[in-house]
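> This is what each chain is made of:
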Amino acid sequence: MTERDVVIKNRAGIHARPAALIVQTASRFKSKVAFRNEHEEINAKSIMGIITLGAGYNSSLTIKADGEDEAEAVHALSQLFENRFEEE
Amino acid sequence: MQRFTVLDLLNLDLKEHNALDLRCLGGRPGLSREIRVPDLNRPGLALTGFFENFGPERIQIFGRGETAYLEKLAEAGEVDNIQRLLSREDVPCVLFTHTLEPTKDFFELAERYGCPILQTDLASSEFQSRLMRALSNVFAAQETKHGVLVEVFGIGVLILGDSGVGKSEAALELVERGHRLVADDAVEIRCVAGNILLGYGTNASLGHHMEIRGLGIINITHLFGVGAIRDKKQVQLIVELEVWDSDKSYDRIGAEERTRDLLGVKVAYLQVPVKPGRNIPVIIETAAMNERLKKMGYYSAREFNQSVLKWLETESARSRHFHERDPIGFDDLSTG
Chain A
1 MTERDVVIKN
11 RAGIHARPAA
21 LIVQTASRFK
31 SKVAFRNEHE
41 EINAKSIMGI
51 ITLGAGYNSS
61 LTIKADGEDE
71 AEAVHALSQL
81 FENRFEEE
Chain B
1001 MQRFTVLDLL
1011 NLDLKEHNAL
1021 DLRCLGGRPG
1031 LSREIRVPDL
1041 NRPGLALTGF
1051 FENFGPERIQ
1061 IFGRGETAYL
1071 EKLAEAGEVD
1081 NIQRLLSRED
1091 VPCVLFTHTL
1101 EPTKDFFELA
1111 ERYGCPILQT
1121 DLASSEFQSR
1131 LMRALSNVFA
1141 AQETKHGVLV
1151 EVFGIGVLIL
1161 GDSGVGKSEA
1171 ALELVERGHR
1181 LVADDAVEIR
1191 CVAGNILLGY
1201 GTNASLGHHM
1211 EIRGLGIINI
1221 THLFGVGAIR
1231 DKKQVQLIVE
1241 LEVWDSDKSY
1251 DRIGAEERTR
1261 DLLGVKVAYL
1271 QVPVKPGRNI
1281 PVIIETAAMN
1291 ERLKKMGYYS
1301 AREFNQSVLK
1311 WLETESARSR
1321 HFHERDPIGF
1331 DDLSTG
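Top to bottom, those sequences are chains A and B.
Using my numbering, the first residue of the first sequence is number 1, and each one after it goes up by one.
Using my numbering, the first residue of the second sequence is number 1001, and each one after it goes up by one.
Since the hints were made in silico from the structure, they are not lab data.
Here a beta-carbon is modelled for each residue, glycine too, at the ideal position from N, C-alpha and C.
One or more hints might be untrue.
[Unchecked claim] To give an idea of the chain B side of the interface with chain A (calculated C-beta under 7 Å), a few residues:
(1) Asp1245
(2) Ser1249
(3) Arg1252
(4) Val1267
(5) Leu1270
(6) Ser1307
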């Protein structure tokens, strides 16, 4: 199990386009990937789940991955957050 | 395009307000002449002997004025200009409107040179607009696509994909669900009026049959009734079926409008991956309804995302309000 905290840095937060990027990236890995905020935990391979997290600007999330390629998955996903999902 | 002859023009099966009401009065050997351009000419000036910039390859229309002038020429016994006109083999045919008839010498000359004489009951202006409409359909750009054209909730859906991916099976289930089949296997697409793509079956007399693997050839009209078929339909949506490729990423949101170019016209385009357990007919039905919504100005994916953005905005404003000490000092008041 690998975990990492990330902060949403793009102004619009996680709307449909970033969610699609996340799902696309997460689906490349075999591991189980999930996001957690203070209330809930959702599957990172489900687009509607990620959108309904309601992750806005400056809020933080924890990426959790469990499986053979967990480190790579967490790295790839946190890279997306770092790059502000190629926005602004 | 195949040769379009004067005989083909006579045989055009057009209905009601499109009908040309044509009959042939004479010059039958010339019915095999080809019509090369979708255009017509009023040969008034040619009859007076002025042949400069004369358009011989066009259909020559004789209305009331030209016919009256022909009678004047007959009274004077002049046939030179008529002969000059009718002897040209590049003239496809001459055509009399208002049920008018040619003079005797005109008729004899046309017979001699084998230039077909056609006649219609319609008035010249009405006939000309109908003829232009018919000819522009005949001369429209066209392309034959390997696929199935079905009408789903009023939307013309062209299903494309490789052989064996299940196009016909998907169409069969759509027909079973009450939608209409336009053409299976080979769909002829014509671009009419500049930007409307009309799809037909390639052969009207063999149309509305389908080949289903394991069943063979079935007749949709007999099996499902006339309500299950249509002769032509505008292509408004292209759905391309392809075998599911797990390495490929498919559109998950649909906020971007994808189009595909067909005969220079952009048509809404969807790529739908197929794998066992995916109900393709239901997906196509839903795509057609979504297309109708879009035509009404409602874009599901875009408006969903707008609601998400709005919601995220209010959420983040709320959290700022509750987590930062507010400048007015409500926090201090409440805690005393």
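> Does each hint fit the structure? Answer for all of them.
Results for each hint:
1. Checking Asp1245/B against chain A by beta carbon gives a least distance of about 13 Å; that is not within 7 Å, so the hint is violated.
2. The interface hint given for Ser1249/B is met, as the beta carbon of that residue sits about 5 Å from the closest beta carbon of chain A, less than 7 Å.
3. Look at Arg1252/B: its Cβ gets to within about 5 Å of chain A, closer than 7 Å, so that hint holds up.
4. Taking 7 Å as the C-beta contact cut-off toward chain A, the hint placing Val1267/B at the interface is violated, the least distance being around 24 Å.
5. Hint status for Leu1270/B: violated, given a least beta-carbon distance of 16 Å to chain A, over 7 Å.
6. Annotation: interface hint on Ser1307/B violated; nearest CB of chain A at approximately 10 Å, more than 7 Å.
When held up to the earlier numbered hints, the structure conflicts with 1, 4, 5, 6 and fits the remainder.
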